[in-house]
Amino acid sequence: MIQIENLHKSYVMGHNSLHVLKGLELGIEAGEFVSIMGSSGSGKSTLLNILGILDDYDQGTYYLGGKLIQGLNETKAALTRNEMIGFIFQSFNLISFKNAMENVALPLYYQKISRKKRNQIALEYLDRLGLKEWAHHLPSELSGGQKQRVAIARALISQPRIILADEPTGALDSTTSFEVMDILKEINDQGKTVIIVTHEHDIAAMTKKIIRLKDGVIEEVIKNGDLQLFKDRVRTE
Amino acid sequence: MFDVDVWQEIFSTIKKNKLRTFLTGFSVAWGIFMLMILLGSGNGLQNGVTEQFSSNSVNIMWMWTGDTSIPFEGMKEGRTIKFNNGDYNFLKEKGENLENVSSRFYLPGTIVYTYKNEYGSFETSSCHPALLGMEKVNVVSGRFINDLDMADFRKVIVIGDNIRKALFKEEDPIGKYVKLNNVPFKVIGLTFDKDRHSERTAYIPVSTAQRIFNGADRVHTFAVTTKMVSTAEEAEAITDKVREGLAARHKFDPKDKKAMGSFNMLAQYIRTMKIFQAIKIFVWIIGIGTLIAGIVGVSNIMLILVKERTREIGIRKALGATPASVISLVLLESVLITTVAGYAGLLFGVGIMEGINYGLEQALATGGGEGVFFRNPTVDFTTAITSMIILVVSGALAGYLPARKAANVKPIEALRDE
Ligand SMILES: Nc1ncnc2c1ncn2[C@@H]1O[C@H](COP(=O)(O)OP(=O)(O)OP(=O)(O)O)[C@@H](O)[C@H]1O
Ligand SMILES: [Mg+2]
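Just so you know, the sequences run in chain order A and B. One gets this note's numbering by counting positions in the first sequence from 1 and adding 3 to each. One gets this note's numbering by counting positions in the second sequence from 1 and adding 25 to each.
Just so you know, these hints were derived from the structure itself, not from any lab. What you are looking at is a predicted structure, and each value in this text was computed from that prediction instead of being measured. Treat the hints with care, as some may be off.
[What the hints assert, rightly or not] Now the in silico label distances, taken between C-beta atoms and shown as ranges: (1) A:99 - B:48: 16 to 24 Å; (2) B:44 - A:131: 23 to 31 Å; (3) A:224 - B:33: 15 to 23 Å; (4) A:20 - B:421: 38 to 46 Å.
[Stated by the list, open to error] Partial chain A-side listing against chain B, Cβ under 8 Å, derived: (5) 58; (6) 61; (7) 62; (8) 65; (9) 66; (10) 73; (11) 75.
[To be verified] With the C-beta cut set under 10 Å, the calculated list includes, among others, these residues of chain B facing chain A: (12) 302; (13) 303; (14) 332; (15) 336; (16) 340.
Note that beta-carbon positions come from the ideal geometry of N, C-alpha and C, so glycine has one too.
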């Protein structure tokens, strides 16, 4: 699903250049549930943005679903995002003047699906996430957990192959965090590739694979079988 | 790109930001409103003044005589110059610059009109048949004077509607005889024109007038129509030519305005129209200026808006909005606001001018508003359409910069958590 080789990314600010990703190698299969961890500033968001074609990279190769993602123009990138990727953000990023249903339906708007039809589909997704009664409420009238569930519904509605979530539980309390993680797990069970960035070990422990970033490269990959070990290690840390 | 969905998307944005949208639109509405008021007023003034010209052919020219004021070829000033039938023939033959000629002989003293027991005194205009077109006499029944009337010195008369009312009351005057100082004239025509002094005027053949009122071949004034020209200078040149010809016949200095007076309407008309052209250009400049101010306002507000909406645009892009769709979102919103607001301003401006027009018409119909140099102060259809096109184009212009800015929003920048 995702094949990354020798990925380099620098941010240039005036005369200074900050080398964030330094020859990163990464492979993620379809249907995996992956969390990316690492200290603050280690380049987790940078990596996720590149995976989501929100940003480009300087060197290396990135294949997404067998397609080389390199130097796409904005229109192509937008279409690929819309078709392949669902995003979930820490701060939800719902459009404040649109109600829950309209927010969820937005990706389908860019697929030129009629208003009636996309709103109907949006209602189905909201129903699935237990938010049917909240469909006509504005984001400001929803709790954090509800907002994130709306955002998840929005990420799912275009039936993407991959869900990318940058600290999806970062703004939620632990109970709601686990609720959100349960939903993501369910999504993953339905066959979607889910990649999340998180700081929290117990959240990471709910995924099936943990990738630890350090100094712009992958320091450690903890796979399924070793997860129990990781959990124990976390407990002692 | 222009399907219903795009508009619904835009409408929902506008609905959520009513006040802002209103304020934006207001400046444009005001601009176009002012343009309409100015244009309408300009038109009204022009129409009013044109109306003053409209009772005659615009290329009419009158000539009359007096006493010389400049010595000429050894003759002292103070000689009385008099036109005659010879001058008529001269103008008729020599004037390649002239189209029609009519001479007039002033009837001596007060002419009393009598029909049965009714009598009154009215203005009597003796003329050639050509005067009909030159002074735009409106014959509503019967006919005007013709060449046979002239040749046979017929005692025929064309009367204005006020004369008919005074003398004939409800009777049909055509074929009846009215006495002018006891000389019976057969009424052959009736003229009517609601805002024209000709109502109180009667027309008789100049040949008949000269014969009956002992005028011999005396002519007091000429009315001629000149060749149509496009500049005031050319029109004045014709005047000078005609003056020179008559001055040579009567031996006076062509520059002697006292010996022979003349008024060339065409020169006046061309000059007046020039002024209105200038006024029109001036009005457009002011109007467009006001409009530009409005558009800059819209552009500014849209720029602020795009800045405010950076995050939203970032979200949209992350969800699959192409640059083109972002551009159309901003551009169409700008076009929509300017067009709707501009249209409202247009309607309001045109409405006010139509209202003023209605009031004026009422005043004129009831006899008031006499001498008002203001008529039909409305904006024509083409101008309104032109303004609409200007609006849409300017809406697009106003939206262009902000739209470009919006399209350049980078999703990662927009979505970064502070
Ligand atoms: N647009 C940018 N321009 C310049 N520098 C940037 C930009 N985005 C990120 N950086 C820098 O790159 C480095 C990696 O940033 P990144 O956001 O990927 O870190 P992170 O691992 O997500 O950190 P956190 O856990 O705090 O979210 C940081 O030092 C950051 O300051
Ligand atoms: Mg981050």
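Which of the stated hints cannot be reconciled with the structure, identified by number in ascending sequence?
The structure breaks hints 2, 3, 6, 7, 8, 9, 10, 11, 12, 13, 14; every other hint is satisfied.
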